[in-house]
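S.K.: With chain F held as given, fit chain W onto it using these hints.
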Amino acid sequence: QVQLVQYGAEVRKPGASVKVSCKASGYTFTNSAMHWVRQAPGQRLEWMGWINAGNGNTKYSQKFQGRVTITRDTSASTAYMELSSLRSEDTAVYYCARDPGYWGQGTLVTVSS
Amino acid sequence: DIVMTQSPDSLAVSLGERATINCKSSQSVLYSSNNKKYLAWYQQRPGQPPKLFIYWASTRESGVPDRFSASGSGTDFTLTISSLQAEDVAVYYCQQYYTTPWTFGQGTKVEIK
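These protein sequences, in sequence, are chains F and W.
Here the numbering used here is used: position 94 in the first sequence is 94, and no number is missing along the way.
The number in the numbering used here is simply the position in the second sequence, starting from 1, with 113 added.
Simulated from the structure, these hints should not be mistaken for lab results.
Keep in mind that a hint or two might mislead.
To be verified - No farther apart than 25 Å at their CA atoms in a straight line, the calculated lysine-lysine pairs in the DSS-like style are these:
1) W:LYS137 to F:LYS63
2) W:LYS149 to F:LYS59
3) F:LYS23 to W:LYS137
Isolated chain W, as found in the complex:
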């Protein structure tokens, strides 16, 4: 199974400041035949299902604010919130959907400092 490891586990950032979350996969999630990275980022608020924010490693889902951006190679990925807002407080997960079993990072809790 592909192991997904996020860092840090939690992050406290002042309103308006940048938040950066890292995700590392134990093997590449880049599918060479279409050059797509099968990596997604989710936001999850308490009592809610995960909400897709980013897919193909860097494509923002419709409706996601543009302060959220993401990038990465075949194994190392980053989610950035350029200017943290109160409504961004949540847990963020990375996920690989390159192969089954889908696997998820342990989550990063983002809070306001």
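Next comes chain F alone, as it looks inside the complex:
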């Protein structure tokens, strides 16, 4: 069955970067896209961008353009989302989602000095 595995939590200081991983299994990784969605405490879900896992093409939300980079490693069936210049407002749970039906468990990123 389709699984998207994300690991626990990260803590970063303001100005730093974080790279979150999402390991896929149960389907052909390169046949699908991978989206990244975040949820700040008490806030609605917010789409950040996506990658075509086959050809590596990406599209980012204008809000995060210039700060977010989504990549993939096809040999490891893993997608990555890197967010730079972190600020306290970036404290959130970051989810990967293959499509509406399949989501990872989320990675909590806390930005605090």
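M.R.: Positioned in the frame of chain F, the structure of chain W alone reads:
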């Protein structure tokens, strides 16, 4: 971007009673070439990722109880819980996946009265 607006923000319903959540999109999410509405509903419990309940605006995901139903036009959608159970307490989100950026409603918190 397509703006998704849910109403109400919260809802308290007695056990066994009906709960209705509305979602409005700022533009149509009906794709005319396949006549599908790219609208999903999710249930989210605290500390959990969103769980897909409904896709194509009215198709129940496998395993979702049949007390959940959904309908809608190109811009106005409704999720109904016909007989509220204790395990239905959660936040419900609508989402359009017609285009990127995916956008989500602000969520509706369903509680027991």
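S.K.: Would you mind marking each hint as holding or not holding in the structure?
M.R.: Results of checking the hints against the structure:
1. W:LYS137 to F:LYS63: Holds: LYS137 (chain W) and LYS63 (chain F) sit about 23 Å apart, inside 25 Å.
2. W:LYS149 to F:LYS59: Roughly 24 Å separates the two Cα atoms, so the pair holds.
3. F:LYS23 to W:LYS137: Not OK: LYS23 (chain F) and LYS137 (chain W) at ~34 Å, beyond 25 Å, violated.
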